[in-house]
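Last residue of the sequence shown: 164 (numbering that gives the first Met the number 0), numbering continuous.
Be aware that a few hints might be false.
Stated by the list, open to error - Simulated crosslink set (EDC-like; lysine to aspartate or glutamate; CA at most 16 angstroms straight-line):
#, residue 1, residue 2
1, K10, D20
2, K10, D22
3, K10, E35
4, K10, D155
These aren't lab readings, by the way, just hints derived from the structure by calculation.
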Amino acid sequence: MDRLILFRHGKAENESASGDDFDRRLAPRGLRESAEMGETLARLGLIPDVALVSPAARAQETWAAAQPAFPQARTQLEPELYNADPGTILQAAEAAGRGCGVVMVVGHNPGLQELTVRLLVEGSAAPAVMARPMRQFPPAAAAVFLIDANGRPAFDGLFFPERGG
Numbered sequence: 000m001d002r003l004i005l006f007r008h009g010k011a012e013n014e015s016a017s018g019d020d021f022d023r024r025l026a027p028r029g030l031r032e033s034a035e036m037g038e039t040l041a042r043l044g045l046i047p048d049v050a051l052v053s054p055a056a057r058a059q060e061t062w063a064a065a066q067p068a069f070p071q072a073r074t075q076l077e078p079e080l081y082n083a084d085p086g087t088i089l090q091a092a093e094a095a096g097r098g099c100g101v102v103m104v105v106g107h108n109p110g111l112q113e114l115t116v117r118l119l120v121e122g123s124a125a126p127a128v129m130a131r132p133m134r135q136f137p138p139a140a141a142a143v144f145l146i147d148a149n150g151r152p153a154f155d156g157l158f159f160p161e162r163g164g
């Protein structure tokens, strides 16, 4: 794996019809922002070879909204990504990354936010870069890291959805 993209699911409804968190779907804003984030990343050449997607409804819908920007990307549903901790997320990415250059993980907070901060610290990112993700990693946000041959991260971009109309 040469690059890792951490992509939080879009804004979800507060409750699902079933009452189960796993079944929560994206709100209209979440659909729009997920598609826009996919377009932004693709325009910048940040294109995954494989997307590891949590099986939760909101994560799958996020990927479905963003995926048209990445028509060549393979999709892998990864059950362990549902509300995963940072170590589990990184393990899944590293395993998938053995066979490809760019891995995207579509998942959940707090794991994605905690992993983003951890990789920023490990990569010696500037305090100004770390400030916002330490406070928040909102729905449809993405963090991008270059990964060297020894597995060390280097900050390559933070992207937050625009909250316009």
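These are the hints, each one checked on the structure:
Distance restraint check for K10 and D20: the Cα-Cα separation of roughly 13 angstroms lies within the 16 angstroms cut-off, and the hinted pair is therefore satisfied. Between the alpha carbons of K10 and D22 the distance comes to roughly 13 angstroms, so the proposed pair stays at or under 16 angstroms and holds. Simply put, K10 and E35 have alpha-carbon atoms about 13 angstroms apart, close enough for the 16 angstroms limit, and the pair holds. Proximity of K10 to D155 is assessed by CA-CA distance (about 24 angstroms); at most 16 angstroms being required, the pair is judged violated.
Hint 4 alone, counting from the list given before, is not met by this structure.
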